[in-house]
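K.L.:
Taken in order, these protein sequences are the chains called A, B and C.
Mind the numbering: the first sequence is residues 1 to 478 in my numbering, read in order.
Mind the numbering: the second sequence is residues 1001 to 1487 in my numbering, read in order.
Mind the numbering: the third sequence is residues 2001 to 2095 in my numbering, read in order.
Any given hint might turn out to be false.
[To be verified] Estimated spans, in silico, between C-beta atoms of each pair: (1) B/R1265 x C/D2074: 24 to 34 Å; (2) B/A1353 x A/P260: 50 to 60 Å; (3) B/R1258 x A/A286: 39 to 49 Å; (4) C/G2029 x A/P260: 51 to 61 Å; (5) C/G2029 x B/P1070: 48 to 58 Å; (6) C/T2044 x A/R262: 41 to 51 Å.
[Unchecked claim] These stretches of chain A come out as covered by chain B in the derived footprint (C-beta under 8 Å, 3 or more residues): (7) 215-225; (8) 318-328; (9) 434-448; (10) 462-475.
These are computed hints drawn from the structure, not numbers from a lab.
All C-beta atoms, glycine included, are put in the ideal place defined by N, C-alpha and C.
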Amino acid sequence: MKWETVIGLEIHAQLATRSKIFSGSATAYGAEPNTQASLVDLGYPGVLPVLNAEVVRMAVRFGLATGCTIAPRSVFARKNYFYPDLPKGYQISQYELPVVHGGYLEIDLADGGRKRVGITRAHLEEDAGKSLHEDFHGMTGIDLNRAGTPLLEIVSEPDLRSPDEAVAYMRRIHQLVRWLGICDGNMQEGSFRCDANISIRRHGETRLGTRTELKNLNSFRFIERAIRHEVERQIELVEDGGTVVQETRLYDPERDVTRPMRSKEEANDYRYFPDPDLLPVVIEPATVEAIRASLPELPAARRERFVRDYGLPDYDAGVLTASRELAEYYEAAAGAVPPPAAKLVANWVMGELTAALNRDGLDIGSSRVDAPALAGLVARIHDDTISGKIAKEVFEAMWAGEGDADGIIEARGLKQITDAGALEAIVAEVIAAHPGQVAEYRDGKHKLMGFFVGQVMKRTQGKANPGQVNALIKAALE
Amino acid sequence: MTTLHADTLAGLAARLARGECSSVELTRHFLARIAAHDDGLNAFISVLETRALAQAEAADRCRARGEAGPLTGLPIAHKDIFCARDTRTTCGSRMLESFVAPYDAAVVARLDAAGVVTLGKTNMDEFAMGSSNETSYFGPVRNPWDPSRVPGGSSGGSAAAVAAGLAPAATGTDTGGSIRQPAALTGLTGLKPTYGRVSRWGMVAFASSLDQAGTLTRSAEDAALLLSAMAGADARDSTSVEAEVPDYRAALETPPERLRIGVPRNFFDDGLEEAVAVTVREALAEFERQGAELVEVDLPNLPLSVPTYYVVAPAEASSNLSRFDGVRFGHRCEDPQDLLDLYERSRGEGFGAEVKRRIMTGTYVLSAGYYDAYYLKAQQVRQLITADFARAFEAVDLLMGPTTPTPAFELGAKTADPVQMYLNDIYTIGVNLAGLPGISIPCGEVTGLPVGLQIVAPHFGEPALLAAAHRYQQATDWHLRMPSAYA
Amino acid sequence: MSLTNDQVRGIARLARLRLTDEEVSEVSGKLASILEMVDQLQATDTREVVPMAHPLDAAQRLRPDEVTEADQRDDYQRNAPQTERGLYLVPRVVE
């Protein structure tokens, strides 16, 4: 492959505030059209914006978590253009002086390595409203409930080299903003979306090629596919002797193609200038330090600590720190079992628990088996009270609300048979009942061991300790 | 005793306090004056008779309960740039011809709360863009001193209304001189407070970093009365200032011991009509007689204030007026073919020639390739002009000079050449660029037309500004003169 | 400083103002004289001068994150030229 792909992402994260960035309107999703659009959001004559303190605090949290410099003074500017979902005819954004800049985030690569992706800047701005294209006698309906919802636009360096890396980076940002509690990350509702700047160049070339901007990427799946399509389109174009035109394109997930955006055909001249209705945002060092002190342990640090403190493989630690809630859950459960069982807890969280959550469409916060309960179950596996197989049955019962592990084990009589005398008798019965297999085993077909263990398990309804059974059979046969 | 309509707010307040008349009587008197005289002046866009009488009745009841404040029951007029709930607010534009504000401007709300009665909304240059009140969609306003002449602008309706005794006082806004210049041209006291002193909430924006609400009154004392009620921080305006609001009326009685008055040399340059210069110098001599010291000062960058202003103000305006797009409020063209047609035709029809010119200028100076040469440059020169004022105020307490280069000019005299019209604001514009408080007070007449003296103070220097103006008005009677046709 | 009619039309398009041909030539003349006046600025040395965006040297005040606005759609849409089912209507928008 002689082409190198160069991708930079602009991620728009809606900040999880109660009210809008410049007005006291609610930001809740899904309200009746224009019922959360105040005079300020509607851009009425004579109204003025007043900045929401929480928005600034959230931006600083993000900046600190990504190693950005927090601007002691940042400025809001007006980006001027006409569009029906933009009530004032300008968007209040930050241009020359963003609130934070110059940070990075690490992503995992497919080959197991890691890569540092630069974050150029993150700036605050207001979201636009929505155009509803369903038919109003050939007209478009405008809902301005979303207008003025705070956005943090996170701009990456053109450091990404493949659609996979772009997705990995976006997932990392997604994980981080949710971890920090600054964005709910809901992509269906548009709380987290992304534009991608894509160009190609020959390997070894250091200059950037002409880029296109892909808009409206609102799921991880689309991003990967859309970028792949766009890269292929550019390569085909260039290899056929054409040149890439700088333009804004829209990904159409239904037809799985990208096409130029009609509304962006006209070259825009946004006429940015400092918004005279807003003064410079001054963030004192003391404020930055107070916010730094309030930051939670970040995902990367927690992942490392999980490896260190719980002896987990890096992969497990990565999965268990996918969200702060999951990490909290794991840590609560792992802390309640003897240290050697921490890995077993990880297996259970990543295995049965995740499967059950997915099956019932629940998130970890509403799990039917809480962390102490799961720890109770894992402890019984660890101390050989039940086998892993029986534990699955116990887990299902716990999930169904039948009580804690000990209660279920007791009620259902699932306690493992560890009485050597009783087990020896059962082993003897099994050997006596299968003379043919015994002969074969003794002839060297040792893989029949599994068969004998299975027979014992069958007679004990799975309550025998598999290790112990193994040893007893071996002793009896040899 | 002066007739009701020739009296000051303070005088009318005293009459109300003494029980000589009720607020309803006062209100009826001014409504009758408007009905009788406004056809010839065109000072009002809307007369709010029902609302005014209801407010007056409420004010009288309030007084009867012994709860009256200093402004209770006093009628005034608002420039039609201030939103007043359930009231048509046109900003002098076809764009807002049928716009009914769903909320009150801070200025309106504060004055309402102080018990003021709103007689009506006054005519103005369209979106406050003009110096002659000829750009109003609702027709020009005439100067009560000479109906063939302009009253100045953009607060021309407020000025004409007060000058002709159709209202004892009115609010205005001043972006480049829009209060002081019409005050000068109609023989009134026009106060433009420090930028940020009065909330801009609900005041339709022209140029946000320059706009400031103020008053057109018969005296500095009246200006102090109104400002006390209007001033103060507002949580809805980030640019309003939290500095404490002093008792402006009490400050009138305590002028500085030995006032040092700076007289900017370039205020008396070639552009100034000789007769106006003589009149203004006579006023300065009066201050000298009162014990002030006159000091010549230099504001070297002041001549650049007009070009600076005509970059900054149109730039901000072009953006501020983008919201008038025919979608949520305001004029919408008939049967738009598509979105572009909706925008271009609604705005093309809704805005008048001067507003379009300013939008075009502002769009141009902000556009790619021109931003640095125009907008950024103007912001830098603005800094230099502001520094000039700051340097001057290190040596003097106040600056004084003419408000305008000439007295009121004839209607149509300057409409053909926008630059000539803009130069009319040459002495007032720098004050807006620097955000300073300024006042124009009548200080004489030239061929029967009033001449204004402009006084400028450092930021938040309104107490000294008003005290100086008041002291001058104690010693002279220019401010009490009325055009004979309306006396 | 002079502007061609095409330049004037370009600015008008950016500002979404429909101008008649007459207006275009009138505006281009007047705009030219305004820009000529404004060009006086170019003679001033402004190296090292910090641009001034605001007359007051102050910092932005912040508002607590509280919902203070209730639904007043009916009131606010009274001024709207065309609405339906709570939406503002505009000619069809193609993205």
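K.L.:
A separate judgement is required for each hint: does it hold in the structure or not?
P.N.:
Taking the hints in turn, this is what the structure says about them:
1. B/R1265 x C/D2074: 24 to 34 Å: violated (59 Å)
2. B/A1353 x A/P260: 50 to 60 Å: violated (37 Å)
3. B/R1258 x A/A286: 39 to 49 Å: The hint (39 to 49 Å, Cβ to Cβ) holds, given that B/R1258 and A/A286 are roughly 44 Å apart.
4. C/G2029 x A/P260: 51 to 61 Å: violated (38 Å)
5. C/G2029 x B/P1070: 48 to 58 Å: holds (52 Å)
6. C/T2044 x A/R262: 41 to 51 Å: holds (44 Å)
7. 215-225: violated (count 0)
8. 318-328: As far as the stretch 318-328 of chain A goes, the hint is violated, because 0 residues have Cβ atoms under 8 Å from chain B.
9. 434-448: violated (count 0)
10. 462-475: Check failed, 0 qualifying residues.
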